[in-house]
Each structure stands twice: as structure tokens, then as C-alpha cells.
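Given the coordinates of chain A, work out where chain W should sit on it, guided by the hints.
Line order of the protein sequences matches chains A and W. Note that the numbering used here has the first sequence beginning at 1, numbered continuously upward. Note that the numbering used here has the second sequence beginning at 1001, numbered continuously upward.
Since the hints were derived computationally from the structure, they do not count as laboratory data. Each residue gets a CB set at the ideal place from its N, CA and C atoms; glycine is no exception. Take these hints with a grain of salt, some might be off.
Simulated coverage check for chain A against chain W, where a stretch passes if three residues somewhere in it have a Cβ under 8 Å from a Cβ of chain W [unchecked claim]: (1) 71-80; (2) 96-103; (3) 107-119; (4) 133-145.
Calculated from the model, a selection of chain W residues having no Cβ within reach of chain A, i.e. all distances over 10 Å [as the list claims (entries may be wrong)]: (5) G1051; (6) M1096; (7) T1098; (8) W1105; (9) Q1163; (10) P1266; (11) T1317; (12) Q1338; (13) R1350; (14) D1388; (15) I1389; (16) N1395; (17) L1398; (18) I1493.
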Amino acid sequence: MQAVLSATPQWVETRHKEPKPLNLHIAAFGVSKAYRKGEHQVPVLRGVDIAVQRGEFLSIIGQSGSGKSTLLHVLGLLDSPDAGEIHLGSQRIDDLAVKTRDELRNRVFGFVFQFYHLLPELNVLENVLAPLMIRESIWTYWKNRRTHAERAKHFINKVGLGHRLTHRPSELSGGELQRAAIARALVGQPQILLADEPTGNLDERTGREILDLLAGLNSSEKLTILMVTHDKSIAAEAHRTVRLTDGRIEGLDIR
Amino acid sequence: MYKLLLCTRYLRTRYIALASVISVMLGVATMIVVNSVMAGFSNEMRDRIKGVLSDIVIETNGLNGEKNPEAMKALIQRTCPDQIVGMAATVEIYGMVTFEYAGQWITRPISLIGIDPASKAEVGPLVDYLQSYRPNKDVPGLPEPPERKADEPAGWNLTPKAQAYRTEWAQRAAWFQEQSNADRAHRRGGSETPEAQQPVAAATTPADGEADASAQATAVPPQPVNPFENEEATLDEPTGPSNLGAPLPGRLYVGAGLVSFPDEDPETGKIVTHWMAKPGDDVKISTVTATTPPQPVYFNATIVDTFKSGMSEYDSTLVFCNLDYLQQARGMIDPATQERSVTSIQIKLRDFREAAQVVKRLEAVFPPGLFQVKTWEKKQGPLLAAVDIESSILNVLLFLIITVAGFGILAIFFMIVVEKTRDIGILKALGASSSGVMSIFLSYGLSLGMVGAGGGVLVGLLFVKNINTIEGALTWLTGRKVFDERIYYFPSIPTRVDPFMVCWVAAGAMAIAVLASILPARRAARLEPVRALRAD
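Bound-form chain A, shown alone (with noise of 0.2 Å):
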């Protein structure tokens, strides 16, 4: 863990200079994974490769069933790949034990989801305070909770949220929802934002406003950002576009 950490510079360091080619942030080398249907082994990913840079917005577009949340997940180390490798910086990361790949996911990647994923019992506030509560053990969660709070309002305030701090999720709209989302993954501080069609439920308007959003953290904040969709024109949002067709990266649109 440490050696994953110290590899990456910080990107609290990094952020004030502009990517630099070739600067590797997170990369996957052949990967390929199958799911198990029944008895059929149904393959998703064949062999990919992919790398982002660091501050890079990548976008990866593709038709449903194409692989392309997979990969994210795979990426984000919700899932191991059959073969090939995930590296961040120079390090190799799909190979580390559970518990430094649980780390990593708490403290390197801020995920954000299609169907948003907040947890119902809790109100916006606590949603966003939940990556460190994980990320700490009761006692030192108690000592910092004063400055957690502060962290989780600054980020809700930043998503525009301000207002809705002891609201329940089902109680805010789908913009709301999508914004809450947004503020959970960024409050861990992560290097890296997957983001697996943000805008796929929402209408065209708050889908915009989502997006102006990531755009305006990857270029504020120097986020990596990795955005999974099927729409071209939120695709065209990001720096560099990716398709994925049958598991396969098919073509690369840099714009």
C-alpha cells in the first residue's frame, strides 16, 4: 500500500501543472474477463489495453453489453481481471492482497454509478461522510469528526448541495441524487473519478449540468477522470474518447 502511495506523486502536487504525454496514471495491459452463465462462460473483455494519463478525462463509449462497465470495475478493482494487468503509476495493483485493494479502492478511486447507489438510511451529510468512516477506525473518526464534517460540506457545497445536507435520498431528484454521488467520491480525496454513465438517468439538462461538473473538477482539480457512457455527444465531453466494441478497443478519437 504505502509502495502504491509513494509511487503516484500526490495529486494535491500535481494539479497545478498540465498533463504531460505519456505521464501513465492507471493502465490495464490485456486484460480479459468472462462471466459464468449457467454453463456457458460468456466473455466481456478480451483482451484490453488501455492507459490514462494523469488529468486526463477519458471517456470510454460503447453499446450495452460491450464491456465497458466491466472494464471500469475491473479498473476500480471491483473486479479482478481473468488475465492481463491493472498497474497505477508503475505498480501493479490487481495482484495486491484484499485488504490493500480495499484501501486502494477507498482512498485512490471515487466511484460514481448509473443508478447513483447512495445508501437509503442515510442522510446526504452521512452518505458523503461514509468513505471515512470506512477509511477510519471508530476512535480516529470520533477525534476528526469536526473536520470530516467540514471536508463533507465543502464537497456538497462545491456539487451544489448546500441546501440538502440532512435530507434523505428519497426525498432529493435524480440531479440531486447523481450530485450527492458526485461529493461521496470526491470527499476521499482519490486520484482517480470512474464514473459508469453518470448521466444515464437523468434528463438532458441536469445530464449537462453533471457533466459540466466533472469536467470542471477534472480541470479545477486535475482529476483523472474515467466516464463510461453510450452517448457520443457526453462522450465528446471528455479529452480523448475510447470505443469499445465486443471487448474489444476499437478505435481511439482524440480530439
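Below, chain W without anything else, positioned relative to chain A:
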């Protein structure tokens, strides 16, 4: 931290889980109530047994007894000088009591114990059980005040009331005897039959050694059954008619169950105690002598008092007799040396916890071939064991109820895990470890157990505290006495709350709740985050 937060949140929002907690709660409450009442009963019973028996009893194996009780006492005192508080020499044998009621002679087997009330008082609270020291509740209306004051030491004298009763019957008997003699004198020569019977009956009297004129009385044809028979016996005693109504030299405390029986009044439905013999009446005691071989012997004795220890076994078998007279009747006084024998010595300890040690030391001093040294617990072993077994069986059964509640928790938890699959995926995506997810559900189970056990303890203790009020309410509701004092011998339901028992029950309930949540928690922990997230 998230574990704690989610756990409390689930606790507050999933009411279905709280429903499963209710069964845990009821189980815990029932266990506490049952255990407290059982402990109360057992405690009360032990007190009563101990009160009658004393802490430790040294018995001779034979019924002939051992001479020189004073030397034995001295030896006991020397063996365990620090532990012993009091000692009483007694004679314990088997016998029969015979008395007449409603025209029939009733004979019952008894354990006859010769005691000296003063020394018996050193080893046990005998006075507490004697009826004359208690308010009389048998009469209608308010209970009469006790006939004797509590500070009066137990003795062999009749109470004024019993004495008056006895004197009255003696006077009537004397009058009747007079009448009957006059009648007989009048009819002499007219009919041969009574006269012919008279010498036969009279001839038996000296042969018996102890007067038994009741046979003589039954021989009188006009009154085959009459209440003066016992009193006639008194008249034939050496005290003679001049000392009308004086008690016999043999004096008894008779167990209440031996001479009385409860009967339901058909009109009022109330249970009334019928006394077949009362203090002041004479009864016949039969036993064996201490000679070799033992000979049957019987004597008449006056009931001085009845006692009620609350142990029906004792109340229906025990008869206490004055030690001196019993020794005399059984020939336990050495004619040459005037030494008196006893069969057992009752010992009271300063602290009953030292009993095992004292028994061991006494066994070393008193040869086991001749003596048995036993604690009261050992003497009543089967009864106490039965109570213990009963209580443990009840505990097992009730714990099964809590286990059933545990299965309820298991089922509901599985349901919750399925419902929360997506949330588990989210938590894992945010970096929660499998053990973290597992501990959410384990602590959820534990807190359900804690709520259930806590509520159960509360309900149980409240129930125990107000058990007699509840019993009263139930009696009022059903119109039937739930807890009948006359059946159970207790004026109110005895309870004893053992804090250890309460802790154990609560801990057991919590353990079951945690155990029941292990399986669902493991299932939750094993969920792969991706699969969980796909569950939309």
C-alpha cells in the same frame, strides 16, 4: 464507524427485526420469572427443611441408641470447636399414632422424635412452626391473635385454651362415668351381659401397663362411639380423678397434616381445615423398645401443640415427643446408672458452607460402622435433587424457546441481507472490507439480542416484583384461586432473583442472537461488490 452508524440506523428503521426481538424478550422474561419462582420455592423449602432437621445430624445405626450423650457432645465440641453453635440430643425412631375420629380409629405411620425443646431451640427455629405461636386463621373473620407470645420458650405445657378444653371434656367424662356407673349399679343383677364384659375390659387395663380404657368405653353398648373415650383414659391414669384434666406425662407436638385435613365447604366453596385431634386431646403412640430384641410398646400421650413447617412430608409424618418420657417408655434409661441413651445429635453450624469439612472431621471421630454423619442436604438429597432437575429441565425447555427466536432472527436477517445486497456492494465499492460488512450484521444481531435481553430482563423483573399482584388480578379475572395458600403452604408466591441467573440468561439470549446472525452476515460478507451492484 460506518458499522456502528448503519447498525443503529437499521435497528431504527427495520421494525420487522424488532418483531423477532419480541420473542427473545418473552423468552428471557419467562426464564427469569420461572427461575425466580423456582429459586424462591426451593429457598423457602430449604429453609423449612433446615428448620426442622438442623445443619448436621449424627445418627446411630441402631435404634437402641448410644449412652452418654453429654460425652458425645463434648467430643463433637472438641473436634470442631469453632464451627459449632448449638447441639441437641434426640431420639429418632419410627412409630404409629392412633386416634379416634368420627367413630373410627385412625392409625398413621410417624417418625417419632424425642426432643428437649430448650436444646432443640439451639439448632433450629422450632417455635416458628408451632401453631400456638401463630395467629389462628381457621376461625371465620379476623385471625385470632397467637395463643402464646413469641418470646415464650417452647415447653410441654398446654395453652390456657387447650387446658380449658381438656378440663371441660374431663369433667364431662367424669360425669358420664358417674352416670354410667350408677346405671350399671342400678341394672346389676338385671342383666348379666354388661357385668360379664366389665371384668374382661378391666382385666386388660393393668395388663397393658399404660391405661387403655377406651376399649372399656367401647364396651358400653348405648354409646359405642362417644367423645369421652380419651378422657376416660385420663381418669384411669395414676393422676386420678382428683387432678381432673391434667395432661398425661407423655407430651407431643404433632404434625398438622397428621391430625387435620382440608375440606371444601360445598356451600361457600371455601376450604376449611378439619381437625381430627386438637391440642388437649390424647392419642396413642406405638413404637418399639430399645431392648434386644425390640419389643412393641405403646403409651398414651397428650397433644400439646401442632406444628406446621410447610414441608408436607414433615407435617404429615413427624411427631415430637418429650425426650425424657420417650426414653423412659422405650427403656433407654439404664436401671443401674440412670444413664440415658439418644439415637442422634443435631448440630447447628455457625456457617453452613463449612458443613462438608465438619462432616469429614466428625466422620473421622465417629466410627462409620456405628454412626452416620449427614448434612440435612444429604438427608433430603432425593427431594432437593428432584427440585434441581425440575428447574434445569424447565431451563432447557425455555432456552429452546429463545433458540426458536434465534431462528426467527436468522430468517429475518437473511431477508435483510437480500434486501441490502446493493448497499453492501456500495459499501465495498467505497472500500469497506468483507470483515467490516460482516461485523455490521453481527453487531446488528448483537444489538437486537441486547434489546431483546434488556427488555426481557426488565419485563421479567417487573413481573417477579409484582407477581402477587398479578396473581391477585388473575384470580379476580378467572374467579379461581391461582395460587392456593393451603395447597402450597405459602401465604404469597415466594421469589428470589439471582443476579447471576439474570446475567446468564441475558448473555445466553445475546449469544443466540449473535449466533443466528453469523450465517447471514457471512453471506453478506461474501457478496462480490460487482454482483451486488448489478442487483438493480
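These are the hints, each one checked on the structure:
1. 71-80: Since three or more residues must qualify, the claim that chain W covers the region 71-80 of chain A holds, with 4 doing so at under 8 Å.
2. 96-103: holds (count 4)
3. 107-119: Answer holds; 7 residues pass the 8 Å Cβ test.
4. 133-145: holds (count 8)
5. G1051: holds (57 Å)
6. M1096: holds (77 Å)
7. T1098: Since the minimum Cβ distance to chain A is about 81 Å, W/T1098 lies beyond 10 Å and the statement holds.
8. W1105: holds (83 Å)
9. Q1163: holds (81 Å)
10. P1266: Correct as stated: the minimum Cβ-Cβ distance to chain A is 67 Å, above 10 Å.
11. T1317: holds (66 Å)
12. Q1338: Nearest chain A Cβ is 86 Å from W/Q1338, so the label holds.
13. R1350: holds (53 Å)
14. D1388: holds (45 Å)
15. I1389: The assertion about W/I1389 holds, with a minimum of 47 Å to chain A.
16. N1395: With a cut-off of 10 Å, W/N1395 remains clear of chain A, as the shortest Cβ separation is near 37 Å.
17. L1398: holds (35 Å)
18. I1493: Since the minimum Cβ distance to chain A is about 46 Å, W/I1493 lies beyond 10 Å and the statement holds.
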